[in-house]
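S.K.: We have chain A already, so just place chain B on it with the hints.
Chains as they are written, first to last, in UniProt numbering: chain A, 1 to 115; chain B, 1 to 353.
Rather than coming from a laboratory, the hints here were simulated on the basis of the structure.
Be aware that a few hints might be false.
To be verified - No farther apart than 30 angstroms at their CA atoms in a straight line, the calculated lysine-lysine pairs in the DSS-like style are these:
hint : chain 1 : residue 1 : chain 2 : residue 2
1    : A       : K89       : A       : K74
2    : B       : K104      : A       : K112
3    : B       : K232      : B       : K175
4    : A       : K86       : B       : K232
5    : B       : K71       : A       : K29
6    : A       : K85       : B       : K198
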Amino acid sequence: MRKALVIQEDIIILKIIERLVVLNHYECKAIRSINDLDIEDQSENFDVIISDILFDGIAPLDFVFQIQEIILHKSLIIVTNMGQKKIQKEILASQNVIGFFPIPLDMDNIQKLIA
Amino acid sequence: MEAEILKLLIKFLLLVLLITFGSIAYTMLYRKWRTRRLKLIENSFANICSLYLYPKPNEKPNLIEIQRELKAVGIVPSKPRNVQYLIDLMIRTQRSILGVNYIKLKTLFTQIPPYGASASKLNNKKWYIKARGIREIYEMDQSQYTRELIRLRNNKNIYVRREAQIGIVIFLGWKSLRFLPYLKRQMTLWQQIKIVEKLNDLYPVPDLKHLRRAYNSDRPYANELIMRIIRKFHLTEDVAYIIQFIDNPKFETREAAIYCISSFLLSDEQLVEIKEKFKNINNTEQQLLLLKYIQRISSEIDLSFYKDLLYNGNDIIKLSTADILWNNGFKEEVQDYYYHQYTQNADSESISV
Chain A
1 MRKALVIQED IIILKIIERL VVLNHYECKA IRSINDLDIE DQSENFDVII
51 SDILFDGIAP LDFVFQIQEI ILHKSLIIVT NMGQKKIQKE ILASQNVIGF
101 FPIPLDMDNI QKLIA
Chain B
1 MEAEILKLLI KFLLLVLLIT FGSIAYTMLY RKWRTRRLKL IENSFANICS
51 LYLYPKPNEK PNLIEIQREL KAVGIVPSKP RNVQYLIDLM IRTQRSILGV
101 NYIKLKTLFT QIPPYGASAS KLNNKKWYIK ARGIREIYEM DQSQYTRELI
151 RLRNNKNIYV RREAQIGIVI FLGWKSLRFL PYLKRQMTLW QQIKIVEKLN
201 DLYPVPDLKH LRRAYNSDRP YANELIMRII RKFHLTEDVA YIIQFIDNPK
251 FETREAAIYC ISSFLLSDEQ LVEIKEKFKN INNTEQQLLL LKYIQRISSE
301 IDLSFYKDLL YNGNDIIKLS TADILWNNGF KEEVQDYYYH QYTQNADSES
351 ISV
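Here chain A stands alone, though its shape is the one from the complex:
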């Protein structure tokens, strides 16, 4: 079974994405911050990570670089309240990022990417 990791501070968005991912036949781990990650998660090779970029104590770009460095994954999708064009451009240019969706978002766009 494919594996997915969802990191969203907003519990409502987190739960909705989690349901969407589960219905697309993924084994999903849904957490509200990077602090909730276990040591075993670092060795998991996630098929997809769907994450926010706004967290306490870390800059959005640094967060993306840190995720890419510490967690093995095939693709990364960003869902965030921070939808500035400049940030979007910089993040999309980095490795493995296949989507950037500012909130408000249409979940169908995520479904297309993870199906």
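M.R.: Showing chain B alone in chain A's frame:
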């Protein structure tokens, strides 16, 4: 005697200290309990939304079970603060989701408690509760209450009627121009801008039928609002509506007309009309703005118009006209006027010996 008073004082202070510590402890416990309760509501609501939007295959969402679940976490009419928290969550969620899910959520929110809680605020006597109710209704896109909002469009409180007018625009779009130009009370500039922006965001294709019907309104704020709409949607064919207000006796209407016309390029006939109206404006600042605009959109310099201003305008207009002529290669005309001034002065002034 003094020792007795001292003892009493100490006892009193101890009592005060005890009450203070007691209230601190109570507040801390209450806050902890309250935060836990709000988290519980948030979690339940998140679960409900996710299961409603993405139910298991071949399974339909059970509304009765959803209502039961919400009741279990404290969403009951006797706890209005919990109900208000749920409304805030609903608004937050609806703001975050687009597409088919947005429509699904809209349907869900009409069917679960606290349906009617926002609408009941409309009957409250306090203006801020009424305004909040209206805001909740339009934020949650509950268009079934449009009639109630229409009723509040002329409310005596500015905030209530502002919210009601915004709600009408959100729900009715261009059709709202059946009401807005005929309000009983004045509309502020800020409100006009908000209405134009909302129309642009939600209904970007103009409905000229409803807009043109509103041209009959004689209320100054309505004239300004319509001019701003014509400018925002760049309705070149309706620019004549703006031109008619260029020399309006009312300062604010003229100001709006000059501001709005500056986004358009005009035909020769319209330019002639503007130049004729120019003389009727009795404010130099506005005349200057219009003069700059005329110069900007004209392909050629209309010498007779500028010379007329140079010889007959006031000093500030004369200076600007001279500036325009000088920079467009009509130095001789400016020099002629320069010498003309001296001959005039020499004729009129008596020379003292």
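S.K.: Of the hints stated earlier, which fail here?
M.R.: none
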